[in-house]
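Undergrad: The chain contents come next:
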Amino acid sequence: MIQVDVRAKDFGSTHVLKNVSFTLHPGECLAVLGPSGIGKSTLLRLVAGIDTNFSGTITRPDNIAFVFQEPTLLPWRNALDNLLLVHPGLSRQVAQESLARVGLAEKAAAFPGQLSLGQQRRLALARAFVGRPELLILDEPFASLDQETAMRMRALTQYLLKEVRPATLFVTHERDEARQLADRILELSGSPATITKQPAALHNVVRPLFQREELK
Amino acid sequence: MTNTVIRAISLSAFLVTWLLLAGLANDPTVLPPPQGLVQPFLSELASGTLLSSLVITVLRVIAAFALAMSIGVVLGMLMGTKPALDRWLDPWLVVFLNLPALVLIVLCYLWIGLNETAAIVAVTLNKVPNVTTIVREGARSLNPELKAMAQVYRMRRSVYLRHVVLPQLAPFITGAARSGIAVIWKIVLVVEFLGRSNGIGFQIHLYFQLFDVAMVLVYALSFIGFMLLVEWLLLQPAEKRVTAWRHA
Chain A
7 MIQVDVRAKD
17 FGSTHVLKNV
27 SFTLHPGECL
37 AVLGPSGIGK
47 STLLRLVAGI
57 DTNFSGTITR
67 PDNIAFVFQE
77 PTLLPWRNAL
87 DNLLLVHPGL
97 SRQVAQESLA
107 RVGLAEKAAA
117 FPGQLSLGQQ
127 RRLALARAFV
137 GRPELLILDE
147 PFASLDQETA
157 MRMRALTQYL
167 LKEVRPATLF
177 VTHERDEARQ
187 LADRILELSG
197 SPATITKQPA
207 ALHNVVRPLF
217 QREELK
Chain B
157 MTNTVIRAIS
167 LSAFLVTWLL
177 LAGLANDPTV
187 LPPPQGLVQP
197 FLSELASGTL
207 LSSLVITVLR
217 VIAAFALAMS
227 IGVVLGMLMG
237 TKPALDRWLD
247 PWLVVFLNLP
257 ALVLIVLCYL
267 WIGLNETAAI
277 VAVTLNKVPN
287 VTTIVREGAR
297 SLNPELKAMA
307 QVYRMRRSVY
317 LRHVVLPQLA
327 PFITGAARSG
337 IAVIWKIVLV
347 VEFLGRSNGI
357 GFQIHLYFQL
367 FDVAMVLVYA
377 LSFIGFMLLV
387 EWLLLQPAEK
397 RVTAWRHA
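Residue numbers (my numbering), protein chains in the order written: chain A, 7 to 222; chain B, 157 to 404.
The hints are simulated quantities; they were obtained by calculation from the structure and are not laboratory data.
Bear in mind the structure is a predicted one, so any value in this text is a computation, not a measurement.
Check the hints yourself; a few may be wrong.
What the hints assert, rightly or not - What the simulated footprint calls covered on chain A by chain B, stretch by stretch (three residues with Cβ under 8 Å from a Cβ of chain B suffice, anywhere in the stretch; the number is not a length):
1) 41-55
2) 74-80
3) 88-94
Claimed, not checked - 20 Å max Cα-Cα, derived DMTMM-like pairs, lysine to aspartate or glutamate:
4) B:Lys303 <-> A:Asp87
5) B:Lys238 <-> A:Asp57
6) A:Lys24 <-> A:Asp57
7) B:Lys303 <-> A:Asp57
8) B:Lys303 <-> A:Asp182
9) A:Lys24 <-> A:Asp11
10) B:Lys303 <-> A:Asp11
11) A:Lys168 <-> A:Asp182
Stated by the list, open to error - Heads up, incomplete: computed chain B residues facing chain A, CB under 8 Å, no partners named:
12) Asp242
13) Leu298
14) Ala304
15) Met305
16) Gln307
17) Val308
18) Arg312
19) Val315
20) His319
21) Val320
22) Pro323
23) Trp401
Don't be surprised by glycine CBs; every beta carbon is placed ideally from N, CA and C.
With these hints in hand, go ahead and build the complete structure from the sequences.
TA: Quick look at the structure:
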């Protein structure tokens, strides 16, 4: 179980977050909504442990995957090595299969610069899922994609989520996207930002996984 | 016109200018024509002095280059990633950057003695600040997002250094290496000129005292030729290899 309790996060004299707490169960998908610049990405970086400079406590598992706003790949290593270097325990075969799963089977030897933005993002997705993370964090993973590509990416993400079932925390500013992927939605607003809509306000019951899939 | 053709024409123009100047001077003891160097070159080659001098100088260049690059890269990376350390060491760097090569060489000979250690230390100290400055620029511009990625996915430190940091620093390191080798071999000649009894620099000193322009040119040009070979056969291909992903 992931427990987040951020009492305050400041950048110098700017108060960014205040009293943001929630829990996330295994297999559960939580969307964080809010206008841009509100501190959503900051919250994700706190949860991931990239930024440890805040007051409060966060309990997180060891095996975390992060899909950044930008694909954040190693441009000087090919697609396959981008998976293998990040996950040293991975066999070439498993890595190759996970490339195939995101539609990049033919691109194993290509450098990220030779891939389109959509393909780079799919590679970033493959990198996140292939480690079978306990906690998956997605920071606007479908931003700056054309509508059709974004739609296919969402479907792919949904499929991978179902397969790997990590606890998932993702940020978006599109309500539809949040509804499509998430079990619960949490809204940030104000300055410093805090949770204005408790998860229960949108979905009264946190539905168990098996029911959820039937509904979708 | 291809690059090779342009290069060939440009080099021939240089030789023709040399020929003309030698004709104007009309005195082989002041400026011998290019063909006047062939005979002394062959005799030095036959006696073995040219080759042994070349080997000794090249060994000094390699030793100083390896030392300067390793110290400079480590210092540059530390200073580029640790602002506190950078604040403390930066004034030192400025002092050493502005210390004339000659002063360092003379001081090393005075303090350490007229020996091999002093020669190598002098050349190394001359080059380290430069390598440090270039690599520090690279370390300052390391991508913070890739660092965050490596942190989240718990990449091992060795993997992170080799596959994330090193490729980002590669253009800076090869840049430092190329400008480094160019500066180092010139300083090695000065060091040899001032305080060694062998090597190309010593031979140039010897024939300087004998006022033998032809021999000075023979030794200088042999070494220049050798360094050009290193540049074309080693440094340029290496640079092409580490930047292959950019052009893919």
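Undergrad: With reference to the structure, classify each hint as holding or not holding.
TA: We went through each hint and held it up to the structure:
no. : hint                  : result
1   : 41-55                 : holds (count 3)
2   : 74-80                 : holds (count 4)
3   : 88-94                 : holds (count 4)
4   : B:Lys303 <-> A:Asp87  : holds, 17 Å
5   : B:Lys238 <-> A:Asp57  : holds, 17 Å
6   : A:Lys24 <-> A:Asp57   : holds, 16 Å
7   : B:Lys303 <-> A:Asp57  : holds, 12 Å
8   : B:Lys303 <-> A:Asp182 : violated, 32 Å
9   : A:Lys24 <-> A:Asp11   : holds, 10 Å
10  : B:Lys303 <-> A:Asp11  : violated, 25 Å
11  : A:Lys168 <-> A:Asp182 : holds, 19 Å
12  : Asp242                : violated, 21 Å
13  : Leu298                : violated, 13 Å
14  : Ala304                : holds, 5 Å
15  : Met305                : holds, 5 Å
16  : Gln307                : holds, 6 Å
17  : Val308                : holds, 4 Å
18  : Arg312                : holds, 7 Å
19  : Val315                : holds, 6 Å
20  : His319                : holds, 5 Å
21  : Val320                : holds, 6 Å
22  : Pro323                : holds, 4 Å
23  : Trp401                : holds, 4 Å
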